[in-house]
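Colleague: What follows is the residue order along each chain.
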Amino acid sequence: MLETYWDPVWLTLKLALLTTTVLLMVGTPIAWWLARSRHWSRQPIAAMVALPLVLPPTVLGFYLLLVLGPNGWVGQLTQSMGLGLLPFTFEGLVVASVLYSLPFTVQPLQNAFEAISEGFLEAAATLRAGPVDRFFFVVIPLARNGFITASVLTFAHTIGEFGVILMIGGNIPGETKVLSVAIYDHVESLEYTQAHWLSAGMVAFSFIVLVTLYALNGRTRMGAFR
Amino acid sequence: MTSGFTTSKGWLLAILISLSPALRAGEVSVAVAANFTDTTRTLASHFEQETGHTVSASFGSTGKLYAQIKNGAPFDVFMAADIRRPERIEQEGDGVASSRFTYARGKLALWSPKPEAFDSAPHYLTEQTFARLAIANPKTAPYGLAAQQALEQMNLWSSLQPKLVRGDSIAQTFQFVASGNAQAGFVALSQVKAWPEEKGTLWPVPQNYYQPIDQQAILLDRASNNDAAKAWLAFLKSPAALSIIQDYGYDTVE
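If you read the sequences in order, they're chains A and B. As numbered in this note's numbering, residues 1 to 226 make up the first sequence, in order. As numbered in this note's numbering, residues 1001 to 1254 make up the second sequence, in order.
So here's chain A without its partners, still in its complex pose (with noise of 0.2 Å):
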């Protein structure tokens, strides 16, 4: 019993570090461009970032399904790799995650970038600072709180992903059933005593995020006018 009530918070958990770590590896890069970029596309990429914000899950649900199942092209491409399927797999649930957290790791991170003035990184180029050594000695330290904001952001809305992996998952212990799954699973079967534990758990945990990411925050501004 104590088996199958873990299980599902550790695949949750994992399912949310990998999703930061691989957003974090993707977003950035975009998040740069974007904050630097005058290029014409720069407002539509933007756009195209930003609608997992304002679109239903189910959207993005019926077309993953779509484009990742076998006549999707996708599904084509990760058959023909020998890979197999991607929906009903913990790796499906990636990828449907990466896409559908990408604008909270894009957004603090492109501010964050914004924020910071050409100043810098002319000065660092004139003490012969390449654009790699500008990147992480100037770049990142100064975008600090926008890592950290878009690395709490992106773990916590993965946490609280429900749609999505209810039409792509299908409900596979230890593989795509997370912990969202599991409550509602618990709920509809009017089992209410496993629901509350998950739930209660829930609101403990991703109050105890917000409230280190607002502390996070306040010492750091504070600090900088120290």
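No more than 30 Å apart at the CA atoms, straight line, and that leaves these computed lysine-lysine pairs for DSS-like:
no., chain 1, residue 1, chain 2, residue 2
1, B, 1199, B, 1163
2, B, 1163, A, 14
3, B, 1230, B, 1193
4, B, 1139, B, 1070
5, A, 14, B, 1139
6, B, 1237, B, 1193
These aren't lab readings, by the way, just hints derived from the structure by calculation. This one's a predicted model, so the numbers in the text were calculated from it and none came from an experiment.
Mind docking chain B on chain A? Use the hints.
Modeller: Below, chain B alone, put in the same frame as chain A:
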């Protein structure tokens, strides 16, 4: 319509007629187990033409609908895919006792949209050359429970565990299979009958492999005076309705 009634007496009559529940076209809101979705749509259009009442139907797994009713969902009639939930509704005082009856007996089928996906279903289930097999969630969907019973009967329940995907209702289960994301699945025979494409592979599961799926309906307490709801239940027992239900592959008891 009221243009003919110019006198005050005429108005009074019109108002009285519109207030009289027996003459007014009513509304019935029905919570229907997902396997009966297409059948309900066909039945409802006949019923609406015949009586002038309107039917508003919500579809979901029996367990989910039961939970919604227990939490005060505004339904007049509950059409489950088992006996257990309507019985509980009755025992818990949320339904009209004398109204409960079996409106259909469902059949379970193993289905794949691919032609010649398998020759022998038991062989196919033992070989497990497929990546995913879809069933409905046994906890909330009676067809999922029947699928579990059938697989247990064939001694395949535990060996199939890693390949099983569970649909939220039998409707989602069917969608998993129809979209090809699961190669085959245990669905309701009625869903295959309603599927527009002829091709595909079907194995009606022998009915002694699972407990009979007797699907019961019950009039819910809040609708004990709703004539449209009563008319709907009566209509379900009519020969016209029974023949529609049979056309979708169900057995009927009466």
